[in-house]
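Here is what each chain is made of, one letter per residue.
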Amino acid sequence: KNQVEQSPQSLIILEGKNCTLQCNYTVSPFSNLRWYKQDTGRGPVSLTIMTFSENTKSNGRYTATLDADTKQSSLHITASQLSDSASYICVVSAPYGGATNKLIFGTGTLLAVQP
Amino acid sequence: DSGVTQTPKHLITATGQRVTLRCSPRSGDLSVYWYQQSLDQGLQFLIQYYNGEERAKGNILERFSAQQFPDLHSELNLSSLELGDSALYFCASSPSGHSYEQYFGPGTRLTVT
Numbered sequence: 457k458n459q460v461e462q463s464p465q466s467l468i469i470l471e472g473k474n475c476t477l478q479c480n481y482t483v484s485p486f487s488n489l490r491w492y493k494q495d496t497g498r499g500p501v502s503l504t505i506m507t508f509s510e511n512t513k514s515n516g517r518y519t520a521t522l523d524a525d526t527k528q529s530s531l532h533i534t535a536s537q538l539s540d541s542a543s544y545i546c547v548v549s550a551p552y553g554g555a556t557n558k559l560i561f562g563t564g565t566l567l568a569v570q571p
Numbered sequence: 019d020s021g022v023t024q025t026p027k028h029l030i031t032a033t034g035q036r037v038t039l040r041c042s043p044r045s046g047d048l049s050v051y052w053y054q055q056s057l058d059q060g061l062q063f064l065i066q067y068y069n070g071e072e073r074a075k076g077n078i079l080e081r082f083s084a085q086q087f088p089d090l091h092s093e094l095n096l097s098s099l100e101l102g103d104s105a106l107y108f109c110a111s112s113p114s115g116h117s118y119e120q121y122f123g124p125g126t127r128l129t130v131t
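Residue numbers (this note's numbering), protein chains in the order written: chain A, 457 to 571; chain B, 19 to 131.
Excised from the complex, chain B in its bound form (with noise of 0.2 Å):
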């Protein structure tokens, strides 16, 4: 257990609906990055936050956005979803902003129908 946690597990929704996942860090870890994983692909950095401000951008698109809360939970919109939007997003944790070491979640599975 990383002890970074992220809910619901799972989510199923149609297209064009809009939905939010939700990340809680490692206690004491300031900063919190999203990723998405699909189908036989490799992980691909989305954002990262570090103690409520946005770090570090990476290939999100416009129809997602983050947020990092002042206890320091994260919360990523995803909107106007689309099928190719279906994957795994991980969240994880670190201490401070450098990505040294990570910890990873165990992932928010998203099926979008």
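Chain A with its partners taken away, still in its complex shape (with noise of 0.2 Å):
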């Protein structure tokens, strides 16, 4: 069973419109959570990095909440845009031993916005 699940695992939405993604892990203990934005074919960017002791992080019209107590996170994209098309992976940052973490990837909700 992945360790990060993350639904829905698509997603059409109008251009304009509010949209909101889910990501439940078990990863325990963990560091802290991301969320990252993947155009197809390309790396990864990173949106947001929220520590087990935020709540909500934003930035620019993403808005991501942790709630630790219930695994839970919600990327909130508002007004979206036609680039806002793309896979959005939830990220949870474990301890791994020593110094370093590891990095555990759900599998990403594909965005679709259409104009």
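Because the hints were derived from the structure by calculation, they are not lab data.
Glycine included, every Cβ here is placed at the ideal spot set by N, Cα and C.
Among the clues, some could well be false.
The list that follows gives simulated cross-link-like pairs (lysine to any residue, SDA-like), each with its CA atoms no further than 20 Å apart [said to hold, decoys possible]: (1) B/Lys75 x B/Asp47; (2) B/Lys27 x A/Gly497; (3) A/Lys527 x A/Glu461; (4) A/Lys558 x B/Glu71; (5) A/Lys558 x B/Asn77; (6) A/Lys527 x A/Gln459; (7) A/Lys558 x B/Ile78; (8) B/Lys75 x A/Ser487; (9) A/Lys558 x B/Pro113; (10) A/Lys473 x A/Asn515; (11) A/Lys558 x B/Gly76; (12) B/Lys75 x A/Pro551; (13) A/Lys558 x B/Ser114; (14) A/Lys513 x B/Glu119; (15) B/Lys27 x A/Arg498; (16) A/Lys558 x B/Gly70; (17) B/Lys75 x A/Val483; (18) B/Lys75 x A/Ser484; (19) A/Lys558 x B/Gln59; (20) B/Lys75 x A/Pro485; (21) A/Lys558 x A/Ile505; (22) A/Lys558 x B/Gly60; (23) A/Lys558 x B/Leu48; (24) A/Lys558 x B/Gln62; (25) A/Lys558 x B/Glu119.
Simulated coverage check for chain B against chain A, where a stretch passes if three residues somewhere in it have a Cβ under 8 Å from a Cβ of chain A [unchecked claim]: (26) 60-70; (27) 101-114; (28) 122-131.
If you only want the chain B side, here are some residues facing chain A, beta carbon under 8 Å, derived [to be verified]: (29) Ser20; (30) Ala74; (31) Gly76; (32) Glu119.
The two chains are supplied separately, each in an independent frame; assemble them into the complex guided by the hints.
As structure tokens, this is what we get:
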């Protein structure tokens, strides 16, 4: 069973609309949770990083929330644009031993914004 | 542009062959991470190097190996290639041994025929 699960797998919305992507994780303990945006065929780009003590973090039209008690996170996209079409990946960082962490990636939500 | 470069962009080779993928981290970054992303799969962590030494190991097959050189660039060697090795291979770098902030390269698409 994947330790980081995302829903929905894919989503189609109209330009200008809002949407919310979900991430549930079972990784414990964890150091931080990140959301990445990955355009097709390109490397992921970090949107937000939250430690377990943070509840919310914003980056422009992107707002991530974290509930460490229920092990859930969401990414809310406001006023979507065509350029938001991409895969959004939830990543949990877990202590690996020593001074390093291991990143555990979800399989992503594929978002398509249509005009 | 993340500042991480990877070469080549595309690679097509036959089963049983060996290939080398190259990664140059951002200027000043000491850590390099390698990931594999198969079709419809999430990114899988393979291995991390920090300042020339192996720091962490993930789901890396024995047929795969990596190293980081004194100038901090890294190479991922894939040998006895199988069809299932076809994937995007990403390199990421970070300033320290912690993976707090990783910057990903554009990836190398490997196709094994």
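Hints versus structure:
1. This hinted pair checks out: lysine 75 of chain B and aspartate 47 of chain B have alpha carbons roughly 19 Å apart, not beyond 20 Å.
2. With a C-alpha separation of about 10 Å, the suggested pair lysine 27 of chain B and glycine 497 of chain A falls inside the 20 Å cut-off, and the hint holds.
3. Between lysine 527 of chain A and glutamate 461 of chain A the alpha-carbon distance is near 11 Å, which keeps this suggested pair within the 20 Å criterion.
4. The straight-line distance between the Cα atoms of lysine 558 of chain A and glutamate 71 of chain B is roughly 16 Å, inside the 20 Å bound, and the hint therefore holds.
5. Note on lysine 558 of chain A and asparagine 77 of chain B: the hinted pairing holds, with a Cα-Cα distance of about 11 Å set against a maximum of 20 Å.
6. The hinted pair formed by lysine 527 of chain A and glutamine 459 of chain A meets the criterion: a straight-line CA distance of about 11 Å does not exceed 20 Å.
7. For the hint linking lysine 558 of chain A to isoleucine 78 of chain B, the alpha-carbon distance of about 14 Å falls within 20 Å, and the restraint holds.
8. A C-alpha spacing of about 18 Å is found between lysine 75 of chain B and serine 487 of chain A, which places the hinted pair at or below 20 Å, so the restraint holds.
9. For a cut-off of 20 Å, the pair hint linking lysine 558 of chain A to proline 113 of chain B stands: about 16 Å separates their Cα positions.
10. The straight-line distance between the Cα atoms of lysine 473 of chain A and asparagine 515 of chain A is roughly 17 Å, inside the 20 Å bound, and the hint therefore holds.
11. Pair hint lysine 558 of chain A plus glycine 76 of chain B holds up; C-alpha atoms about 8 Å apart against a cutoff of 20 Å.
12. Distance hint between lysine 75 of chain B and proline 551 of chain A is fulfilled; the C-alpha atoms sit about 13 Å from each other, no more than 20 Å.
13. At roughly 14 Å between alpha-carbon atoms, lysine 558 of chain A and serine 114 of chain B fall within 20 Å of each other, so this suggested pair holds.
14. Of the supplied pair hints, the one linking lysine 513 of chain A and glutamate 119 of chain B holds, its CA atoms being roughly 15 Å apart against a limit of 20 Å.
15. At roughly 11 Å between alpha-carbon atoms, lysine 27 of chain B and arginine 498 of chain A fall within 20 Å of each other, so this suggested pair holds.
16. Our distance criterion of 20 Å between C-alpha atoms is met by lysine 558 of chain A and glycine 70 of chain B, whose separation comes to about 18 Å.
17. The hinted pair formed by lysine 75 of chain B and valine 483 of chain A meets the criterion: a straight-line CA distance of about 18 Å does not exceed 20 Å.
18. A hinted pair counts as satisfied when its Cα atoms are at most 20 Å apart, and lysine 75 of chain B with serine 484 of chain A qualifies at roughly 19 Å.
19. A hinted pair counts as satisfied when its Cα atoms are at most 20 Å apart, and lysine 558 of chain A with glutamine 59 of chain B qualifies at roughly 18 Å.
20. About 19 Å separates the Cα atoms of lysine 75 of chain B and proline 485 of chain A, which keeps this hinted pair within 20 Å; it holds.
21. Our distance criterion of 20 Å between C-alpha atoms is met by lysine 558 of chain A and isoleucine 505 of chain A, whose separation comes to about 15 Å.
22. A hinted pair counts as satisfied when its Cα atoms are at most 20 Å apart, and lysine 558 of chain A with glycine 60 of chain B qualifies at roughly 15 Å.
23. Taken as a hint, the lysine 558 of chain A and leucine 48 of chain B pair is honoured in the structure, with Cα atoms around 16 Å apart against an allowance of 20 Å.
24. Proximity of lysine 558 of chain A to glutamine 62 of chain B is assessed by CA-CA distance (about 11 Å); at most 20 Å being required, the pair is judged to hold.
25. Distance restraint check for lysine 558 of chain A and glutamate 119 of chain B: the Cα-Cα separation of roughly 12 Å lies within the 20 Å cut-off, and the hinted pair is therefore satisfied.
26. Residue count for the region 60-70 of chain B with a Cβ under 8 Å from a Cβ of chain A: 6. That meets the three needed, and the coverage hint holds.
27. Here's how the region 101-114 of chain B fares: 3 of its residues keep a CB closer than 8 Å to some CB of chain A, so the rule of at least three is met and the hint holds.
28. For the region 122-131 of chain B, the proposed coverage by chain A is satisfied: 5 residues have a C-beta within less than 8 Å of a C-beta in that chain, meeting the threshold of three.
29. The interface hint given for serine 20 of chain B is met, as the beta carbon of that residue sits about 7 Å from the closest beta carbon of chain A, less than 8 Å.
30. Because the closest C-beta pair between alanine 74 of chain B and chain A is about 5 Å apart, less than 8 Å, the hint holds.
31. Given the 8 Å rule on beta carbons, the hint for glycine 76 of chain B holds: about 7 Å separates it from the nearest Cβ of chain A.
32. Given hint, glutamate 119 of chain B at the interface with chain A, holds; its Cβ is 7 Å from that chain's nearest Cβ, closer than 8 Å.
Of the numbered hints given earlier, the model fails none.
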